[in-house]
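Asker: Residue-level listing of the chains:
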Amino acid sequence: MDTMLIKSKIKEYLMRSVRNYEIKDDDNIFELGIVHSLFTIQLIMFIEKNFGIELEDEELDIEKIKTVNDMVELIKNNIEKKEKGALKL
Amino acid sequence: MKSVTNENIMILKARDFVKEQVVPSIEEFERNAFIPKEFFIKMAKHGFLGLSIPKKYGGLELDYLTLGAIHEEFGKGYCSVQNILTVYAMVCKPLNRFGTEDQKQKWLPAIAKGETIVSIAITEPKAGSDIKQIETEAVLDGDDYVINGKKRYITLGQIADLFLVFGKCNGRGIAFLVERETPGFEIHPINGLLGLRANMLAELHLKNCRIPKENLIGRVGHGLSHVATFALDEGRYTTACGCVGLGQACLEEAFKYAEDRIQFNSPIREHQLVQKMLTEMIVNVKAARLLCHDAGMLRDAADPSSIAATLMAKYYASKMSVMVSNYAVQIHGASGCVAGAAVERFYRDSKIMEIIEGASQLYEIHIAKNFRI
Numbered sequence: 001m002d003t004m005l006i007k008s009k010i011k012e013y014l015m016r017s018v019r020n021y022e023i024k025d026d027d028n029i030f031e032l033g034i035v036h037s038l039f040t041i042q043l044i045m046f047i048e049k050n051f052g053i054e055l056e057d058e059e060l061d062i063e064k065i066k067t068v069n070d071m072v073e074l075i076k077n078n079i080e081k082k083e084k085g086a087l088k089l
Numbered sequence: 001m002k003s004v005t006n007e008n009i010m011i012l013k014a015r016d017f018v019k020e021q022v023v024p025s026i027e028e029f030e031r032n033a034f035i036p037k038e039f040f041i042k043m044a045k046h047g048f049l050g051l052s053i054p055k056k057y058g059g060l061e062l063d064y065l066t067l068g069a070i071h072e073e074f075g076k077g078y079c080s081v082q083n084i085l086t087v088y089a090m091v092c093k094p095l096n097r098f099g100t101e102d103q104k105q106k107w108l109p110a111i112a113k114g115e116t117i118v119s120i121a122i123t124e125p126k127a128g129s130d131i132k133q134i135e136t137e138a139v140l141d142g143d144d145y146v147i148n149g150k151k152r153y154i155t156l157g158q159i160a161d162l163f164l165v166f167g168k169c170n171g172r173g174i175a176f177l178v179e180r181e182t183p184g185f186e187i188h189p190i191n192g193l194l195g196l197r198a199n200m201l202a203e204l205h206l207k208n209c210r211i212p213k214e215n216l217i218g219r220v221g222h223g224l225s226h227v228a229t230f231a232l233d234e235g236r237y238t239t240a241c242g243c244v245g246l247g248q249a250c251l252e253e254a255f256k257y258a259e260d261r262i263q264f265n266s267p268i269r270e271h272q273l274v275q276k277m278l279t280e281m282i283v284n285v286k287a288a289r290l291l292c293h294d295a296g297m298l299r300d301a302a303d304p305s306s307i308a309a310t311l312m313a314k315y316y317a318s319k320m321s322v323m324v325s326n327y328a329v330q331i332h333g334a335s336g337c338v339a340g341a342a343v344e345r346f347y348r349d350s351k352i353m354e355i356i357e358g359a360s361q362l363y364e365i366h367i368a369k370n371f372r373i
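Those protein sequence lines, which keep their order, are chains Z and V. Number 89 in our numbering belongs to position 89 of the first sequence; there are no gaps in the numbering. Number 176 in our numbering belongs to position 176 of the second sequence; there are no gaps in the numbering.
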């Protein structure tokens, strides 16, 4: 999956949750105060379900998913990891 | 017609278990405000303590719609037992999601078998709905955390063997497992509850309790934002479904009584003002069930909107149970106000169901604040 597609899926999802706010790729969504306290878990569920990956404990940190760019990197790394694992099999 | 699946069979098993094992014990459980350990073993033998546990750890790994239907059956029979299953869901789901493989292998099979009774400890004297205010403090000392703090209104606190406890470490949320026999861990029973009388509540005191690092669930900093949120989300769903069962029980008792009770030469069911109450009960129970069904389907699909749907289901279903149990007592008149009358218990239990896993007012803030057209 290419970066643009991942990014557009994330933005589409975020826009559903934070209507009327134009999120930039480097905006820290947690510092902006535009998401509620349950959002972290909601976001993790979105990432795992939509990109077919399972995040490790250390990847669940808010620091890893605070901006759109962070999320793209995390997702890309996990997809790569998964593909490499599948190749080994 | 829907085919008979293992999930359907489990719902029927729950119905039979409630009828044959739970209902005949209610009077004893309520009188003693206690459910003996043997009953937990009985529930475990039928699989009910492993509803949320993966099959590879000895559980049933049920989907959410089936889980919800089972909670409805237990809620219809006896909310004190239904709420025990909620506690199990609130401990087992986060343990499975955030726990290490060693933790899962050590605890989940024992929990499913009924050998280890579990409890979850979030609430404190100064922290209820506002969990960020919790004061239980964990300090790392070598390979252990040293824990100090107090927990209050902890369901199953009197008899649990293992507690999922929440606190802070250097201001960051932390979740850890505490075993009953840990030195410095004191259990003080809380008696005289309005409802859910057999839930064996306790206040817990942790005085320099040493917990090995291996008992940490998730990472430091994830305790409240991830583990507690995940647990509460689970608790909201199962409590909402329990409320639907409670509402259904109120409805059935009210209908029976309204058919049998003759006043002014006719069953009171034929009186229009009673019909008004019955209609509101029927429609509200059904509406709550549909909200739970919606939440269950979204949860099964791992849809992020399931969290909001679950908030709505718990908000509506718990308020419905208070309203419906109020009507059920009203229809029964004086005979519904006597200890031992089923509707008297429903009325008391419903109020607790509206408060546990977050009071309605908290939901009003969350739902209105986060709703998007």
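Hint data in this document are derived by calculation from the structure and do not stem from the laboratory. Keep in mind that the hints are not guaranteed to be accurate.
Claimed, not checked - The list that follows gives simulated cross-link-like pairs (lysine-lysine, DSBU-like), each with its CA atoms no further than 35 angstroms apart:
1) V/Lys-207 with Z/Lys-11
2) V/Lys-55 with Z/Lys-82
3) Z/Lys-84 with V/Lys-126
4) V/Lys-319 with Z/Lys-64
5) Z/Lys-84 with V/Lys-207
6) Z/Lys-24 with V/Lys-168
7) V/Lys-207 with Z/Lys-49
8) V/Lys-126 with V/Lys-56
9) V/Lys-351 with Z/Lys-7
10) V/Lys-207 with Z/Lys-7
11) V/Lys-126 with Z/Lys-11
12) V/Lys-319 with Z/Lys-76
13) Z/Lys-84 with V/Lys-319
14) Z/Lys-76 with V/Lys-37
Claimed, not checked - With the C-beta cut set under 10 angstroms, the calculated list includes, among others, these residues of chain V facing chain Z:
15) Phe-230
16) Ser-306
17) Asn-370
Glycine included, C-beta positions come from ideal geometry on N, C-alpha and C.
Asker: So, for every hint listed, does it hold in this structure?
Answerer: Here is how each hint holds up against the structure:
Proximity of V/Lys-207 to Z/Lys-11 is assessed by CA-CA distance (about 47 angstroms); at most 35 angstroms being required, the pair is judged violated. Taken as a hint, the V/Lys-55 and Z/Lys-82 pair is honoured in the structure, with Cα atoms around 24 angstroms apart against an allowance of 35 angstroms. Distance restraint check for Z/Lys-84 and V/Lys-126: the Cα-Cα separation of roughly 50 angstroms exceeds the 35 angstroms cut-off, and the hinted pair is therefore not satisfied. With a CA separation close to 38 angstroms, the supplied pair V/Lys-319 and Z/Lys-64 exceeds the 35 angstroms bound.
Note on Z/Lys-84 and V/Lys-207: the hinted pairing is violated, with a Cα-Cα distance of about 49 angstroms set against a maximum of 35 angstroms. Restraint check for Z/Lys-24 and V/Lys-168: the C-alpha separation of about 33 angstroms stays at or below 35 angstroms, so the hint holds. A C-alpha spacing of about 42 angstroms is found between V/Lys-207 and Z/Lys-49, which places the hinted pair above 35 angstroms, so the restraint is violated. A hinted pair counts as satisfied when its Cα atoms are at most 35 angstroms apart, and V/Lys-126 with V/Lys-56 does not qualify at roughly 39 angstroms.
Distance restraint check for V/Lys-351 and Z/Lys-7: the Cα-Cα separation of roughly 46 angstroms exceeds the 35 angstroms cut-off, and the hinted pair is therefore not satisfied. The suggested pairing of V/Lys-207 with Z/Lys-7 is violated, with an alpha-carbon distance near 49 angstroms, which exceeds 35 angstroms. About 39 angstroms separates the Cα atoms of V/Lys-126 and Z/Lys-11, which puts this hinted pair outside 35 angstroms; it is violated. At roughly 44 angstroms between alpha-carbon atoms, V/Lys-319 and Z/Lys-76 are farther apart than 35 angstroms, so this suggested pair is violated.
Restraint check for Z/Lys-84 and V/Lys-319: not satisfied, since their Cα atoms lie roughly 51 angstroms apart, outside the 35 angstroms limit. Our distance criterion of 35 angstroms between C-alpha atoms is broken by Z/Lys-76 and V/Lys-37, whose separation comes to about 49 angstroms. Checking V/Phe-230 against chain Z by beta carbon gives a least distance of about 6 angstroms; that is within 10 angstroms, so the hint holds. Of the supplied interface hints, the one on V/Ser-306 holds, with its beta-carbon coming within about 8 angstroms of a beta-carbon of chain Z, less than 10 angstroms.
Below 10 angstroms, beta-carbon pairs count as interface contacts, and V/Asn-370 has one with chain Z at about 5 angstroms; its hint therefore holds.
Violation of the numbered hints given earlier is confined to hints 1, 3, 4, 5, 7, 8, 9, 10, 11, 12, 13, 14; the remaining hints are satisfied by the structure.
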